[in-house]
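Chemist: What follows is each chain in one-letter form.
Protein chains: 4
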Amino acid sequence: MSVFEPKDPGYRAAAIAMFNGQPAMQTLGIVIVRLAPGEVELAMPYSAAFTQQNGFVHAGIITAGLDNACGVAAFTLMPREAGILTVEFKTTLLAPARGMRFVFKAEVVKPGRTLTFCEARAFAEHEGKTSLIATMTGTLMAMLPRA
Amino acid sequence: MSVFEPKDPGYRAAAIAMFNGQPAMQTLGIVIVRLAPGEVELAMPYSAAFTQQNGFVHAGIITAGLDNACGVAAFTLMPREAGILTVEFKTTLLAPARGMRFVFKAEVVKPGRTLTFCEARAFAEHEGKTSLIATMTGTLMAMLPRA
Amino acid sequence: MSVFEPKDPGYRAAAIAMFNGQPAMQTLGIVIVRLAPGEVELAMPYSAAFTQQNGFVHAGIITAGLDNACGVAAFTLMPREAGILTVEFKTTLLAPARGMRFVFKAEVVKPGRTLTFCEARAFAEHEGKTSLIATMTGTLMAMLPRA
Amino acid sequence: MSVFEPKDPGYRAAAIAMFNGQPAMQTLGIVIVRLAPGEVELAMPYSAAFTQQNGFVHAGIITAGLDNACGVAAFTLMPREAGILTVEFKTTLLAPARGMRFVFKAEVVKPGRTLTFCEARAFAEHEGKTSLIATMTGTLMAMLPRA
Numbered sequence: 001m002s003v004f005e006p007k008d009p010g011y012r013a014a015a016i017a018m019f020n021g022q023p024a025m026q027t028l029g030i031v032i033v034r035l036a037p038g039e040v041e042l043a044m045p046y047s048a049a050f051t052q053q054n055g056f057v058h059a060g061i062i063t064a065g066l067d068n069a070c071g072v073a074a075f076t077l078m079p080r081e082a083g084i085l086t087v088e089f090k091t092t093l094l095a096p097a098r099g100m101r102f103v104f105k106a107e108v109v110k111p112g113r114t115l116t117f118c119e120a121r122a123f124a125e126h127e128g129k130t131s132l133i134a135t136m137t138g139t140l141m142a143m144l145p146r147a
Numbered sequence: 001m002s003v004f005e006p007k008d009p010g011y012r013a014a015a016i017a018m019f020n021g022q023p024a025m026q027t028l029g030i031v032i033v034r035l036a037p038g039e040v041e042l043a044m045p046y047s048a049a050f051t052q053q054n055g056f057v058h059a060g061i062i063t064a065g066l067d068n069a070c071g072v073a074a075f076t077l078m079p080r081e082a083g084i085l086t087v088e089f090k091t092t093l094l095a096p097a098r099g100m101r102f103v104f105k106a107e108v109v110k111p112g113r114t115l116t117f118c119e120a121r122a123f124a125e126h127e128g129k130t131s132l133i134a135t136m137t138g139t140l141m142a143m144l145p146r147a
Numbered sequence: 001m002s003v004f005e006p007k008d009p010g011y012r013a014a015a016i017a018m019f020n021g022q023p024a025m026q027t028l029g030i031v032i033v034r035l036a037p038g039e040v041e042l043a044m045p046y047s048a049a050f051t052q053q054n055g056f057v058h059a060g061i062i063t064a065g066l067d068n069a070c071g072v073a074a075f076t077l078m079p080r081e082a083g084i085l086t087v088e089f090k091t092t093l094l095a096p097a098r099g100m101r102f103v104f105k106a107e108v109v110k111p112g113r114t115l116t117f118c119e120a121r122a123f124a125e126h127e128g129k130t131s132l133i134a135t136m137t138g139t140l141m142a143m144l145p146r147a
Numbered sequence: 001m002s003v004f005e006p007k008d009p010g011y012r013a014a015a016i017a018m019f020n021g022q023p024a025m026q027t028l029g030i031v032i033v034r035l036a037p038g039e040v041e042l043a044m045p046y047s048a049a050f051t052q053q054n055g056f057v058h059a060g061i062i063t064a065g066l067d068n069a070c071g072v073a074a075f076t077l078m079p080r081e082a083g084i085l086t087v088e089f090k091t092t093l094l095a096p097a098r099g100m101r102f103v104f105k106a107e108v109v110k111p112g113r114t115l116t117f118c119e120a121r122a123f124a125e126h127e128g129k130t131s132l133i134a135t136m137t138g139t140l141m142a143m144l145p146r147a
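Chains as they are written, first to last, in the numbering used here: chain A, 1 to 147; chain B, 1 to 147; chain C, 1 to 147; chain D, 1 to 147.
Don't read these hints as lab results, they were simulated from the structure. Do not take every clue at face value.
The calculated DSSO-like cross-link candidates involving lysine-lysine, where the alpha carbons are at most 30 Å apart (straight line), are [said to hold, decoys possible]:
(1) D/Lys-105 / B/Lys-105
(2) C/Lys-105 / A/Lys-110
(3) C/Lys-7 / A/Lys-110
(4) C/Lys-7 / C/Lys-110
(5) B/Lys-105 / B/Lys-7
(6) D/Lys-110 / B/Lys-110
Looking at chain A on its own, in the form it has when it is part of the complex (with noise of 0.2 Å):
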């Protein structure tokens, strides 16, 4: 249930094409399963070729799922003309990502005209738990052409 009102009508079109447009999510296997204004939630197989000594799933890989939901949410909510880019992001690692599918849930916490604001999180399904595991806060910037 979102709050927000989408400036671009075919907001979900776009993002998805955004989205589409990533290969970096291609590789990973990750892809959209719920948008709306401002929402994302993504999924991610475990891949062993990206885990880490532990045999748990490397920490830049989750922030990878977890920028992309923040990135994604905040595109929702952005004009037609504008790209977007990510300004800075604060990964928290609770626990290791262990289990066989990760998923990826953000929100914008506040959009504006330059930066949008999106907090996510990240949760591991293991043995028919779901826990979570790290936390984001990040800032992304709408890049929009000079008048």
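Put chains B, C and D on the given structure of chain A with help from the hints.
Modeler: Chains B, C and D alone, transformed into the frame defined by chain A:
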């Protein structure tokens, strides 16, 4: 020129083994270029498979390199029996990750029995020029067997 | 409605004593409004002495309130013999700190033996309206006497 | 030795005026020690009124010094008509703020038309020794009058 004294004389082999134990590093093509107590330099080739919608390397992948540089740098100063995990990091993206080769340099700012604080910088090599594209500050934790 | 079980049945008195032991809180006029296991709400009046060049409360002062809210929230879940210190935090400033009263709400996201992770939000009360002006994510550490 | 060229030849007077316009700085006793394009050093005396429960200066007060150092450093590189605000910062607390004098050094990592990225370090002077106690990375924004 490092100012830190490693606790484990075999720190070099231990750090290389920890790094080589990470499938994600092989998948991303990241290698160790330089290693000293509390300092490390990694390098990664460009790969179209890890790009975002503008053809630049994804921020999550740059973060994976930065985080790993911090982890290896911190690990060189930990005792032999320690495992390591990342607690949190912040990545600031100063410029698009455009280039054919990326370098990640990390150094320990303050080592500790439990927590070690690191800083890292990512550089892109593009058309003969090297430029700073991202910075990280991170907190790493030593996992010690309980007495 | 807290989901955490305090380790110290006297957590309430211990948290209030820790808070009251901070001269900075008295100087800033910050008081505890609500306290539960893993949750706290603080309030601070506007003071011209702590403003920046536009007449808004300085970001460092807002951060002092957010950090203290995180610290007290984390402290309620620590064992009786623990001291507490802040490891790091990130503050995101969503809007100017304009108002006559400020509220800082923190909650524990994940408690741990050594590290506890918290999130906090700052609100400004201005002309009868309450608005979110800043967020924090922070890492707190329990200082335990060595066995 | 600064590497940045100020856009406003009167940057020095402008930065000092902005700093002096902040009542919070007077209240905390913070002064400018050194100022150059993209670089600043501030100093603050110890004050018992701003300590926490262990007698150290409160992390929020250290953050106020670090944030202000970043703000002034960024402001020296902005055009004359710009206002400035802090977008976000992360503070890492490496050691307790114990000492009779504190120094905050900030420098611009990357200036930009809209966003400027800074890094700062806080030092404590205690019993004749100066030690690094905290670091900050922050994002500052230029507020420009719309054309």
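Chemist: For every hint, state whether the structure bears it out.
Modeler: Here's how the hints hold up against the structure:
| no. | hint | result |
| --- | --- | --- |
| 1 | D/Lys-105 / B/Lys-105 | holds (22 Å) |
| 2 | C/Lys-105 / A/Lys-110 | holds (18 Å) |
| 3 | C/Lys-7 / A/Lys-110 | violated (36 Å) |
| 4 | C/Lys-7 / C/Lys-110 | holds (14 Å) |
| 5 | B/Lys-105 / B/Lys-7 | holds (22 Å) |
| 6 | D/Lys-110 / B/Lys-110 | holds (24 Å) |
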